[in-house]
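Engineer: Given next are the chains, with one letter for each unit.
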Amino acid sequence: MDKAVAKPLVDIQNLTFSRGERVIYDDMSMQFARGKVTAIMGPSGIGKTTLLRLIGGQLKPDAGHIWFEDQDIPTLGRRDLYQARKKMSMLFQSGALFSDMTVFDNVAFPIREHTKLPEEIIRMMVLMKLESVGLRGARDLMPAELSGGMARRAALARAIALDPQLIMYDEPFAGQDPISMGVIVRLIRSLNDALGLTSIVVSHDVNEVMSIADYVYVVAERRVIGHGTPEQLRQHESPLVQQFLQGLADGPVPFHFKAADYAQELMELKA
Amino acid sequence: MILDKLQQLGAATLETIQGFGRATLMLAGALWGRPRFVKAWPLYIKQFYVVGVLSLLIIVVSGLFIGMVLALQGYTVLSKFGAEQMLGPLVALSLLRELGPVVTALLFAGRAGSALTAEIGLMKATEQLSGMEMMAVDPLRRIIAPRLWAGVICMPLLAMIFTAVGILGGHLVGVDWLGVDAGGYWSAMQANVDFEQDVLNGIIKSTVFAFLVTVIALHKGFDAVPTSEGISRATTQTVVTASLAVLGFDFVLTAVMFGG
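Line by line, the protein sequences give chains P and B. With my numbering applied, the first sequence covers 32 to 302. With my numbering applied, the second sequence covers 556 to 815.
Think of the hints as simulated: they come from the structure by calculation, not from any bench. Predicted, not measured: the structure shown is a model, and the values here were computed from it. Glycine included, each C-beta is placed from N, C-alpha and C at the ideal position. All the pointers check out, no bait thrown in.
The calculated DSS-like cross-link candidates involving lysine-lysine, where the alpha carbons are at most 25 Å apart (straight line), are:
hint	chain 1	residue 1	chain 2	residue 2
1	P	K67	P	K118
2	P	K147	B	K594
3	B	K594	P	K118
Reference listing, derived: stretches of chain P covered by chain B, where coverage requires no fewer than 3 residues with Cβ under 8 Å from a Cβ of chain B:
hint	stretch
4	116 to 130
5	141 to 149
Computed Cβ-Cβ distance ranges for the label pairs, DEER-style:
hint	chain 1	residue 1	chain 2	residue 2	range
6	P	K38	B	W587	32 to 42 Å
7	B	T579	P	W98	31 to 41 Å
8	B	L569	P	G108	23 to 33 Å
9	P	Q89	B	N747	50 to 60 Å
10	P	G227	B	W587	34 to 44 Å
11	B	S783	P	V54	22 to 32 Å
12	B	S783	P	Q277	30 to 40 Å
13	B	S783	P	D245	35 to 45 Å
14	P	K38	B	L611	53 to 63 Å
15	B	L727	P	A175	37 to 47 Å
16	P	P283	B	T579	41 to 51 Å
17	B	I759	P	T80	44 to 54 Å
Input sequences plus hints: build the corresponding full structure.
Structural biologist: Pasting the structure below:
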C-alpha cells in the first residue's frame, strides 16, 4: 500500500516532442505525485498546453514514456486510451462547455455518456457537483449567459462529474478578475483535498500557483529548468527561474526579439 | 520561376490528396462500429430538424418558382410548334432528372452545408471537440455521425419535395394562367415519365449529391483552422467545393444514366 502511494500517478520519462521542425520538448522528465497539486509554470509559448494534451493522449510524443498508473499512454490503442481517459479530466482554458446545452446538461453529459444511472441519481450527482462550485442556482442557464469565471467553474463541475483520479487545469487563472481568481484558487485546492484528486495546474500566474501548489516545475527552453516546492524554488539559484518568478522584463529571456543592429536599422530608413 | 510554380503545384496536389485522406479517416471514424440509434435518437432527431426541416422553406419556395419559370419558358417555345400539351413532361422530366437533385443540392450546400461547417469549426475553435475527446466521448460518433446521417437522408427527401412543388408550380403557370389543358398536362406527364429511368435515377442522383455535400461540409468544419478567419474560409470552401462537386458529378451521372 505504501509503495502504491509513493509511486507517482503520472510519470513522464525522457519525453521528446516536436511540431514540424520545432522541438517543443527535448528529453524531459517529470513526476506528478498522487493526491498533490503539481504546477507547471513557464513563459507563454513553450507548449504547456501541449504537455496536457500529451498526457491525455491527444498528441503522440516522438520518444519517451508517459505512464499513467501502469499504462504507457502513447502506446495505448483507441479502446484502452478511452478507458484511461475516463479516469482523467481536463479543464480547458475556454471552459469548452457545450454551447447548445444548459449548465445542468453539460455537467450531466459525462455521466449520461458513461453510466446507465437513472435520471434521478444523475440529477442528484449533478446538483452536488454544482453545489461544490457554487453554481447550483445557475443550472438552467446556457453557457453564453455565464460570466467567464462562472463558465470556468461550471466546466470544473463537469470535469469532476465522474470523480476522476487526475484533473488537469489549463491556465485556470487566465483572464479572471481578482474575485473569481480567488474562488478558483481555493476550489482547486479544496477539491483536490476533499476528493483525493491529483491535480496538474498549468499556468504562468506565479503568485496564485505558488500559493496552492505542493510542487512546481518551471519549464523553459524545451526542458525543466527548475523544480521543487514553492519555498525551494524561491531560493533557486538559476537566473532564468528567478527572472520568471520575479517577472523581470529583461534577463536570460531577452526583452527584445532577435533583430538587426538598432542604430544601423534606423540609418537604413533614411537612405 | 518555373520550378517555383511546379513546387506550388506539387504542394497543392499533395495538400488535396491529404485532404481526401483526412476526410476518409473522418468518415471511417464516424461510421465505424454499430450506430447507437437507440441511445442517441434525440441527437438524430435534432439534426434531422436542423438539417432537414429548417431547409424546407427555401426548398419549397425555390421549387415553386423554378417550376413556374420552367412552364413559362417551355410554353413560349412549345406553343410555336403547337406542342403545348407536352408542357407536363417537359416540366416533370427537367425537374426529376436534373433540376430537382442539382438545385436542391446547391441550395442545401448553401443553407445546411455552410451551417454545418461553421458549427463544427466553432466547436473546434472553442475546444468543445477536444473537451469531448478528453471526456472519452468520440466526437466523430457523437457530433459527426448524426449530422452525416441527417444530411444523407434528408437531402433526397428535400429533392423529392422540390420536384413535387415544382411540378405544381408548372401547373399553376401552364394550366391556370396560360390555359394548357389540365388533363393533357397530367396525362402526357404520366405517359412520358418512366419510374426507373426518371424517378429512380433522380433519387440516386440526389443521394449521391447528399453524400458529397454533407461529407464536404463536415470535413471542412472538422479540418478548419480554429480561428475566425479559418472558419470563414472553411465555410466559403464548403459552398464552393460542394457546388462544383455536385455539378461535376451531375455530368458524370447524367452521362452514365441517360448518355447511352
